[in-house]
Each structure stands twice: as C-alpha cells, then as structure tokens.
Amino acid sequence: FNQGSWNATTNPDNYYSSYYAGIRAANYFIENSVAYKAILGTSRDTISAAEKINYHNDVQNIAWFRGEAHILRAWYYFELSKRYGG
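Residue numbers (our numbering): 856 to 941.
The hints are simulated quantities; they were obtained by calculation from the structure and are not laboratory data. Please read all numbers here as calculations on a predicted model, not as lab measurements. Backbone N, C-alpha and C fix where the C-beta goes; we use that ideal spot for every residue, glycine too. Check before you lean on any hint, since a few could be wrong.
As the list claims (entries may be wrong) - Below 20 Å or equal to it, Euclidean Cα-Cα: the simulated SDA-like pairs (lysine to any residue) are: (1) Lys892 with Lys907; (2) Lys892 with Tyr870; (3) Lys937 with Ser860; (4) Lys892 with Tyr910; (5) Lys907 with Trp919; (6) Lys892 with Glu906; (7) Lys892 with Asn866; (8) Lys907 with Ala918; (9) Lys937 with Ile878; (10) Lys937 with Lys892; (11) Lys892 with Arg921; (12) Lys937 with Asn866; (13) Lys892 with Ala918; (14) Lys892 with Val914; (15) Lys892 with Ala905.
Said to hold, decoys possible - Beta-carbon label-pair distances, calculated as ranges: (16) Lys937 with Ile902: 46 to 54 Å; (17) Ile902 with Gly940: 52 to 60 Å; (18) Ala918 with Thr864: 37 to 45 Å; (19) Thr901 with Asp868: 44 to 52 Å; (20) Pro867 with Ile902: 20 to 28 Å; (21) Arg921 with Ser860: 20 to 28 Å; (22) Thr897 with Ser872: 34 to 42 Å; (23) Lys892 with Ala929: 45 to 53 Å; (24) Gly940 with Ala880: 22 to 30 Å; (25) Ser860 with Lys892: 47 to 55 Å; (26) Thr901 with Tyr870: 41 to 49 Å; (27) Thr864 with Ile926: 26 to 34 Å.
Sequences are here, hints too, so could you generate the full structure?
See the structure below:
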C-alpha cells in the first residue's frame, strides 16, 4: 500500500462493484417505494381494527426501511470515497 502498488487491476480489497451494487439496490428501493402508502392500501381491508393496525405497522416499517436505505446508500458512498478517493 505504501509503495504505490495498488491500482485499478491489483486491488487486494476489491469492494468497488459490491459497493455500487449496494448503492443501486438502495436507489431501487427508495425509488420504487415512494408511493408505499397507496401500494399498501391496495386490495386491503383497512376498515376492521386489526387490519387497520396491521396497515399502520406496515406503513411505519416501510418508512423505517426507506430511512435505512438512505443511510446505507450514504455509507456505501462514504466507503467508496474513503477507499478510492473522490
């Protein structure tokens, strides 16, 4: 490492494609879950009390997952810039 022996083809810690795959997966989830409330409400009984609770729990879970996807995407970008510059 200190001798300048790393380059694009001789990287002993080659996570480059894995990090971009993670960024791509996070972007895909974030983009396709924008209308999650409408998607969760489709073909679903939200009148009964038990189903209403399930619906609200699912909405909270998707909102949480969207937040985690943003955090993961930021972490992947950070790791890419830390390892490969940027």
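- Item | Status of the given 52 to 60 Å range, CB of Gly940 versus CB of Ile902 | Cβ of Ile902 to Cβ of Gly940: about 56 Å, so the range 52 to 60 Å holds.
- Message: Check the hint pairing Lys937 with Ile878 against an upper bound of 20 Å on the C-alpha distance.
- Response: 15 Å, holds
- Message: I want to verify a distance hint. Is the separation of the beta carbons of Thr864 and Ile926 within 26 to 34 Å?
- Response: Cβ of Thr864 to Cβ of Ile926: about 32 Å, so the range 26 to 34 Å holds.
- For the pair Lys892 and Ala929, does the Cβ-Cβ distance stay inside 45 to 53 Å? Taking Cβ atoms as reference, Lys892 and Ala929 lie about 24 Å apart, which means the hint is violated.
- Regarding Thr901 and Asp868, is the given constraint of 44 to 52 Å on their beta-carbon distance met? 49 Å, holds
- When you check the alpha-carbon spacing of Lys937 and Asn866, does it fall within 20 Å? Holds, because 14 Å separates the two Cα atoms, which is no more than 20 Å.
- Range hint compliance [Cβ, Ser860 to Lys892, 47 to 55 Å]: Cβ of Ser860 to Cβ of Lys892: about 52 Å, so the range 47 to 55 Å holds.
- Query: Per the hint of 20 to 28 Å, is the separation of the Cβ atoms of Pro867 and Ile902 within bounds?
  - Reply: 59 Å, violated
- Item | Hint check for Ser872 and Thr897 - Cβ pair distance inside 34 to 42 Å | Check passed, 36 Å falls within 34 to 42 Å.
- Message: Hint check: Lys892 vs Val914, CA-CA at most 20 Å. Holds or violated?
- Response: 6 Å, holds
- Taking the beta carbons of Gly940 and Ala880, is their distance inside 22 to 30 Å? 23 Å, holds
- Message: Hinted pair, alpha-carbon criterion (20 Å max): Lys892, Asn866. Please report holds or violated.
- Response: Given that 20 Å is the threshold and the Cα spacing comes to 44 Å, the pair is violated.
Hints 2, 7, 10, 20, 21 and 23 from the list above are not met by this structure, while the remaining hints are.
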